[in-house]
Amino acid sequence: MCGMKALAINSLTKTYPNGIQALRGIDLEVEEGDFFALLGPNGAGKTTTIGIITSLVNKTHGDIRVFGHSLDNDIYAAKACIGVVPQEINMNLYESCYDIVMNQAGYYGIPRSQAAAHTEAMLRQLQLWDRRDDQARGLSGGMKRRLMIARALVHSPKLLILDEPTAGVDIEIRRSMWGFLKEINEQGTTIILTTHYLEEAETLCRNIAIIDDGKIVENDRMSAILRKLHQEVFVLNLENTVDAAPVLAGFKVRLVSESELEVQVGKGQSINDLFSLLNERNIIVSSLRNKTNRLEELFIRLTQRKDVSTDGSDH
Amino acid sequence: MSGVPLKIQLVGFYTIVRKEVSRVARIWVQTIVPPAITMSLYFVIFGNLIGRRIGDMGGFDYMQFMAPGLIMMSVITSSYGNVVSSFFGAKFQGYLQEMLVSPLSGWVIILGHVMGGVVRGLAVGAIVTVVTLFFTDVDVKHPLIAFAVLILTAMVFSMAGMINAIFAKKFDDIAIIPAFILAPLTYLGGVFYTTSLLPDFWAGLSKFNPILYMVNGFRYGIIGVSDISIGSAFAVILIFLVLFALTCYYLIHRGIGLRD
Ligand SMILES: Nc1ncnc2c1ncn2[C@@H]1O[C@H](COP(=O)(O)OP(=O)(O)OP(=O)(O)O)[C@@H](O)[C@H]1O
Ligand SMILES: [Mg+2]
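Quick note, the sequences are listed as chains B and Y, same order. Note that this note's numbering numbers the first sequence so that position 91 is 91, with each residue one more than the last. Note that this note's numbering numbers the second sequence so that position 114 is 1114, with each residue one more than the last.
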């Protein structure tokens, strides 16, 4: 069979002992080699889903396979395929960075001589090699997160799962982490990540699922999902100044300042038409950008209507 | 059902033991020194000062009678304390997850931590033995029996510590059991006296205390006398060993207290 699934989830449900129904029947497939985003608002069930995949949370019902290995009867093989970067810091903060990564290699059965080389490579990749002898509690928040990435990769997992890996990481390091994740994805590692930075998902991921209130509300290729946007708002910075919003047939235009316009472009409309109209009026555009990230608009639309209907519920 | 290759399990086991032992060594002031001090005090007060007035116990000088009991008591407390605090710390801070996500089997996780508890128990036991030698002579009658009882008991209490840690939700919970169950059972477990001194009822009740079997088994190994036959001492120790081992495995396998 071609195209082995890195992850296949079937009708997964989870009710916590306190009665909270975190997952209400999740179906999800991630192809081998994919770079997959799992998005959703706070409390949607992302961490719960990842917890179940990585054997940290007991499921209520459902079936999960990792590279064909069922979590029910082939769990050790499944676990060996996975590396995970959790949302919450979960390290012995009194251990050195080096020991944390070395021990993790040991738990995956990598003998110390081999583990030492892997550990060094990972700590260097994540720019932590200089801090290798420091206790983890002495690291900044972003460094701790990078340390958890190094730890997750030390056994060269086929599937890397990252739960908000770039939360609290500065822009420069975030970009270098993106580059790094892209690289290991190109080398064949399947990656699943959750994030609240939709730009991150849009930049990195080929496929996405949006989860809300324990259910998948959208699951498609990134490009297909972006096409579903019915309109986009562009911000135009003008070379010259205007006193009032120009009237452009078919486009809704708003004057932000004398040198800035916001224009709504609907699905069937082309930006070429917009520019012809602007040209006719001798309005020169020096730069153009999306008002919000495109994915963000869709995300808000998909997950917001929920808030209205659950309004007035008990929490 | 495909298990994990043995090699992976062995490397994992070694990793856990190495980590646990270096933890004991790193915080030796907390792990090794206190029992040495406590036991020295016991020897000075009970052995030297009061012991003289007690006279013989079980046909031995009181100090010699008490020494195996004190060694055993420190081994029990140390192995229990080691696993309960190490395992609960790992669970509380979250880094137990490092092992729970890995392909290590529950047995390896259990045995790795138990080995840490045994190492600390033996280290403390050795130091208390050295302390003992300052106060009295020890002439070991059955070294193999003594050693076997010591190791098996350290394993039993390491597992008990693990069970305590699994159920514990806050730090109080890992202090309560040692204070309210372990300490009374130890003090009433024949460390300081032979049950032949007790009224029948209490002597009979003592037979339900597993620590009595361990202390007497060890005392038999060291000085050759015991309130309990050595066969039943081993039987009781082994029963608890198996019982606790299965309980640990069940709890870890099901993720009770760990994956809820
Ligand atoms: N250990 C737990 N016990 C009880 N309820 C829990 C537990 N963990 C999570 N929940 C509940 O399950 C639901 C889903 O939580 P989850 O952590 O999976 O969300 P999430 O999508 O990861 O959110 P976030 O973006 O904030 O990280 C929430 O309602 C949460 O309160
Ligand atoms: Mg989460």
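Honestly, the hints are just simulated from the structure, not real lab data. Any given hint could be a false lead.
[What the hints assert, rightly or not] The calculated lysine to any residue pairs, modelled on SDA-like cross-linking and capped at a C-alpha distance of 20 Å, are:
| # | chain 1 | residue 1 | chain 2 | residue 2 |
| --- | --- | --- | --- | --- |
| 1 | B | K144 | Y | K1170 |
| 2 | Y | K1007 | B | S113 |
| 3 | Y | K1091 | B | Y94 |
| 4 | Y | K1007 | B | P157 |
| 5 | Y | K1007 | B | Q114 |
| 6 | Y | K1091 | B | P17 |
| 7 | Y | K1007 | B | K5 |
| 8 | Y | K1170 | B | N18 |
| 9 | Y | K1091 | B | Q87 |
| 10 | Y | K1170 | B | L93 |
| 11 | Y | K1007 | B | Y76 |
| 12 | Y | K1007 | B | A77 |
| 13 | Y | K1091 | B | E95 |
| 14 | Y | K1091 | B | T13 |
| 15 | Y | K1007 | B | N279 |
| 16 | B | K5 | B | G43 |
| 17 | B | K267 | B | I284 |
| 18 | B | K267 | B | S286 |
| 19 | Y | K1007 | B | D74 |
| 20 | Y | K1091 | Y | P1199 |
| 21 | B | K144 | Y | Q1093 |
| 22 | Y | K1091 | B | I89 |
| 23 | Y | K1091 | B | R175 |
| 24 | Y | K1169 | B | E88 |
| 25 | Y | K1091 | B | D99 |
| 26 | B | K252 | B | R221 |
| 27 | B | K158 | B | E280 |
| 28 | Y | K1169 | B | P17 |
| 29 | Y | K1091 | B | Q135 |
| 30 | Y | K1170 | B | T292 |
| 31 | B | K267 | B | V235 |
| 32 | B | K144 | B | Q114 |
Open item on the list: Going through the numbered hints above, which ones does this structure break? Give me the numbers in ascending order.
Closed with: Violated: hints 1, 7, 14, 15, 16, 17, 18, 20, 23, 26, 27, 30, 32.
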